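Asks: Which chain is which? The protein sequence lines are E and D, in order.
Take 33 as the starting number for the first sequence in this note's numbering and just add one per residue.
Take 2 as the starting number for the second sequence in this note's numbering and just add one per residue.
Rather than coming from a laboratory, the hints here were simulated on the basis of the structure.
Here the structure is a predicted model, which means the values were calculated and not measured.
The reader is advised that the hints may include incorrect statements.
Listed next, the in silico DSS-like pairs over lysine-lysine satisfying Cα-Cα at most 25 Å (straight line) [said to hold, decoys possible]:
| id | chain 1 | residue 1 | chain 2 | residue 2 |
| --- | --- | --- | --- | --- |
| 1 | E | Lys133 | E | Lys66 |
| 2 | E | Lys66 | E | Lys43 |
| 3 | D | Lys236 | E | Lys100 |
| 4 | E | Lys106 | D | Lys238 |
| 5 | D | Lys80 | D | Lys8 |
| 6 | E | Lys128 | E | Lys43 |
| 7 | E | Lys114 | E | Lys128 |
| 8 | D | Lys8 | E | Lys100 |
| 9 | E | Lys66 | E | Lys106 |
| 10 | D | Lys80 | E | Lys128 |
| 11 | D | Lys236 | E | Lys128 |
| 12 | E | Lys66 | E | Lys100 |
| 13 | D | Lys110 | D | Lys20 |
So the derived label-pair ranges between C-beta atoms look like this [to be verified]:
| id | chain 1 | residue 1 | chain 2 | residue 2 | range |
| --- | --- | --- | --- | --- | --- |
| 14 | E | Thr116 | D | Glu74 | 50 to 58 Å |
| 15 | E | Glu99 | D | Asp76 | 46 to 54 Å |
| 16 | E | Thr104 | D | Pro204 | 23 to 31 Å |
| 17 | E | Ala131 | D | Val97 | 55 to 63 Å |
| 18 | E | Ser109 | D | Pro243 | 49 to 57 Å |
| 19 | E | Asp53 | D | Val24 | 52 to 60 Å |
C-beta: ideal position from N, C-alpha, C; glycine also.
Residue-level listing of the chains:
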Amino acid sequence: MQISSNVSGGKANLGLSGRFDFHSHREFRSAYEKLLETDGVREVEIDFGGVDYLDSSALGMLLLLREKAESTGKTVSLSGLKGTVKQVLDIANFGKLFAIKG
Amino acid sequence: MQDRPLKILIADDTPTNIKQMEVVVRRLGHEPVVATDGLQAIAVYEREAPDMVFMDINMPRLDGISAVRRIREIDAGSKWTPIVFVSALDGIEDIVKGIEAGGDDYIVKPASLSMLRARINGYSRLLRLQRELEIRREQSEEQAQLGAHVMDRLTDAEGLRDPIQQHFNIPAETFSGDLLCAARAPGDVFSVMLADATGHGLPAALTALPLTQAFYSMTAKGFPLSSIAEELNRKLKAILPPDRFVAATLASVDVRNQTVEVWNGGNPAALFVTQEGMVAMRWISRHPPLGILTDGQFSGATDTAVFNEPGELLLCSDGLIEAENHDGTWLNEEGVMRLLGQGTERRLRFDNLRRGVDGHLGGRPARDDISCMMVALPVERRRKHRVASPGIVEHKGEVQAWRMELSYGAGELRYIDVVPAVLGFLTQVNILRNHQGTLFLIVSELFSNALDYGLLGLDSSTKDWIGGFDIYMQQRAERLSALRSGRIDLAFEVHQQGRHAVLDICVSDTGPGFAYRGVLADSERDEGLQRPQWRGIPLVKSLCSELVYSGSGNKVRARYILSEIAAADGTEPLKEVVAAPWGNQGSGDGMILFEDPC
Numbered sequence: 033m034q035i036s037s038n039v040s041g042g043k044a045n046l047g048l049s050g051r052f053d054f055h056s057h058r059e060f061r062s063a064y065e066k067l068l069e070t071d072g073v074r075e076v077e078i079d080f081g082g083v084d085y086l087d088s089s090a091l092g093m094l095l096l097l098r099e100k101a102e103s104t105g106k107t108v109s110l111s112g113l114k115g116t117v118k119q120v121l122d123i124a125n126f127g128k129l130f131a132i133k134g
Numbered sequence: 002m003q004d005r006p007l008k009i010l011i012a013d014d015t016p017t018n019i020k021q022m023e024v025v026v027r028r029l030g031h032e033p034v035v036a037t038d039g040l041q042a043i044a045v046y047e048r049e050a051p052d053m054v055f056m057d058i059n060m061p062r063l064d065g066i067s068a069v070r071r072i073r074e075i076d077a078g079s080k081w082t083p084i085v086f087v088s089a090l091d092g093i094e095d096i097v098k099g100i101e102a103g104g105d106d107y108i109v110k111p112a113s114l115s116m117l118r119a120r121i122n123g124y125s126r127l128l129r130l131q132r133e134l135e136i137r138r139e140q141s142e143e144q145a146q147l148g149a150h151v152m153d154r155l156t157d158a159e160g161l162r163d164p165i166q167q168h169f170n171i172p173a174e175t176f177s178g179d180l181l182c183a184a185r186a187p188g189d190v191f192s193v194m195l196a197d198a199t200g201h202g203l204p205a206a207l208t209a210l211p212l213t214q215a216f217y218s219m220t221a222k223g224f225p226l227s228s229i230a231e232e233l234n235r236k237l238k239a240i241l242p243p244d245r246f247v248a249a250t251l252a253s254v255d256v257r258n259q260t261v262e263v264w265n266g267g268n269p270a271a272l273f274v275t276q277e278g279m280v281a282m283r284w285i286s287r288h289p290p291l292g293i294l295t296d297g298q299f300s301g302a303t304d305t306a307v308f309n310e311p312g313e314l315l316l317c318s319d320g321l322i323e324a325e326n327h328d329g330t331w332l333n334e335e336g337v338m339r340l341l342g343q344g345t346e347r348r349l350r351f352d353n354l355r356r357g358v359d360g361h362l363g364g365r366p367a368r369d370d371i372s373c374m375m376v377a378l379p380v381e382r383r384r385k386h387r388v389a390s391p392g393i394v395e396h397k398g399e400v401q402a403w404r405m406e407l408s409y410g411a412g413e414l415r416y417i418d419v420v421p422a423v424l425g426f427l428t429q430v431n432i433l434r435n436h437q438g439t440l441f442l443i444v445s446e447l448f449s450n451a452l453d454y455g456l457l458g459l460d461s462s463t464k465d466w467i468g469g470f471d472i473y474m475q476q477r478a479e480r481l482s483a484l485r486s487g488r489i490d491l492a493f494e495v496h497q498q499g500r501h502a503v504l505d506i507c508v509s510d511t512g513p514g515f516a517y518r519g520v521l522a523d524s525e526r527d528e529g530l531q532r533p534q535w536r537g538i539p540l541v542k543s544l545c546s547e548l549v550y551s552g553s554g555n556k557v558r559a560r561y562i563l564s565e566i567a568a569a570d571g572t573e574p575l576k577e578v579v580a581a582p583w584g585n586q587g588s589g590d591g592m593i594l595f596e597d598p599c
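Work out the full structure: start from the sequences and follow the hints.
Replies: Structure follows, in structure tokens:
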């Protein structure tokens, strides 16, 4: 999986592409930890636009991010959902846990 | 790990070379074994199983390159032994040839002592790592096998052998992280759970394991699905790390009321499949999986549907939907339905599905655990109720009188599962223990009449409409959460009545009551029995010797015969009354009296 990140104002954006699964654990964590430590960041948006596969350990990583973010008063939102990625997140009802953006 | 001495094979046809290398090997604390040509090298290799090999290339009878090829063939796939060529040939093509034949390394003669020492020490480190890896692999294999054995025993249950259900489980690894549970609940209800923990193998199975005990004990006590789901979520939330969760589908098939109730959090849709091979109902996942939400955020809300045609409930994990064929195409829900086909022989259809999944996988291992369970919902007009026979228990002596009174106000009624709680008390009493199933039916009918019609004022005829059951359940939930006044009193008394030990069950509510004379007269007629709202009363009547309404219809007493008392001389053992279908209790069809009870 490839990860690009940029910060503008209080909002950080993590753009993901490729397979988001068990093997992405380390790089995903180091990417979001950096953002959560950045001063002034209040919202982290995960852009799934380029992701073509998502497994249950990826869902676990999102939950971990959510917990870390909430403990520091930040919010996490998901965007760019389509196809099987959207399907997986819908079945897990992650819309009840994260803000979903178009 | 402690370094142990290595056994090192030296194959060379020059005695001085052998001597020199033997000295180095010994000095480093290792043990040399020697061969002087290629054929001998192979023989010594097979006999001594050395940890490492130094191989000359130009030797009589068989050259080193051919000897190494043969050694690699012998070991193919089973183990790896480092082989270092030591040769005077120093052309690039010689070195390449040696490596391609299976050599790991190449030293050009004359080999310096320091060069030999460095190679031996290097491969010694590598071999140590390899040994550690091997031990880890063996340990993990052993753990997996033990885990599979224990998990098999822990998750085995009678319900999984019940002919009302069929299931299969195809693990991705040694054993599955998917968990199947099935049990008969009080009443004519069969409850199942299909849980799929994050990941697969041992960690996943461990994650799902805490669910089994809670599911079985709460199901046996007759707790509603929503309460079971809440408890399972609470349990997992408390013990799992934040990135672990368990997708689960809980379902209850109520044969008597012809309903299927489902809670689905994170699993593929549960399906109701007719014999014509049509999907009559889909229960999609409406909740996040178990173990994520806090108690306050969690919802145990279920969806219930009524069925008038025979069919089956199908539950599966995402492993079934996402099972890939040779070109990576998912099986999907359509594929499952296609494999299942149609027909009244449900065993045949299930076997078709099971075999079809194997065919779809085409011999490749599943990428994720695959599990599937089907529960039959038979439809029989004017279904007779089945009550498990309590069996004969021999005991003698006086009937020990026992009495319990409970009173629930609106505050408690809003959140307590009264019937399972009461059954918990009743089944502690020895003389009542064997009557659990029947008592559950009587108490739950009388209690739900008091609550639904007495306090909540629900109109049972709503259930007659198409889709009415859902409306009824929704109204019930709304009115229950808005309930601010009212009370239900329950009294239970075991005492001796003539030649019988009996249990009197009194239920009264503070509601307006109902025109019980009309209802009861109606219920005597066949058409009355067809209507869901009257089904309850004849059922209770059939199980009891007396059913007595009084007041404005807001009080009822049911008398249930527990056993016959032994003759005065004590020689005849106490005979238990065996509950049987419709009208078993002494007085033929049961009696309905109008008088003051309790």
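Asks: Hint by hint, note whether the structure agrees.
Replies: So, going through the hints one by one against the coordinates:
| no. | hint | in the structure |
| --- | --- | --- |
| 1 | E:Lys133 <-> E:Lys66 | holds, 23 Å |
| 2 | E:Lys66 <-> E:Lys43 | holds, 13 Å |
| 3 | D:Lys236 <-> E:Lys100 | holds, 22 Å |
| 4 | E:Lys106 <-> D:Lys238 | holds, 22 Å |
| 5 | D:Lys80 <-> D:Lys8 | holds, 15 Å |
| 6 | E:Lys128 <-> E:Lys43 | holds, 21 Å |
| 7 | E:Lys114 <-> E:Lys128 | holds, 17 Å |
| 8 | D:Lys8 <-> E:Lys100 | violated, 54 Å |
| 9 | E:Lys66 <-> E:Lys106 | holds, 14 Å |
| 10 | D:Lys80 <-> E:Lys128 | violated, 52 Å |
| 11 | D:Lys236 <-> E:Lys128 | holds, 20 Å |
| 12 | E:Lys66 <-> E:Lys100 | holds, 12 Å |
| 13 | D:Lys110 <-> D:Lys20 | holds, 15 Å |
| 14 | E:Thr116 <-> D:Glu74: 50 to 58 Å | violated, 45 Å |
| 15 | E:Glu99 <-> D:Asp76: 46 to 54 Å | holds, 50 Å |
| 16 | E:Thr104 <-> D:Pro204: 23 to 31 Å | holds, 28 Å |
| 17 | E:Ala131 <-> D:Val97: 55 to 63 Å | holds, 60 Å |
| 18 | E:Ser109 <-> D:Pro243: 49 to 57 Å | violated, 18 Å |
| 19 | E:Asp53 <-> D:Val24: 52 to 60 Å | holds, 54 Å |
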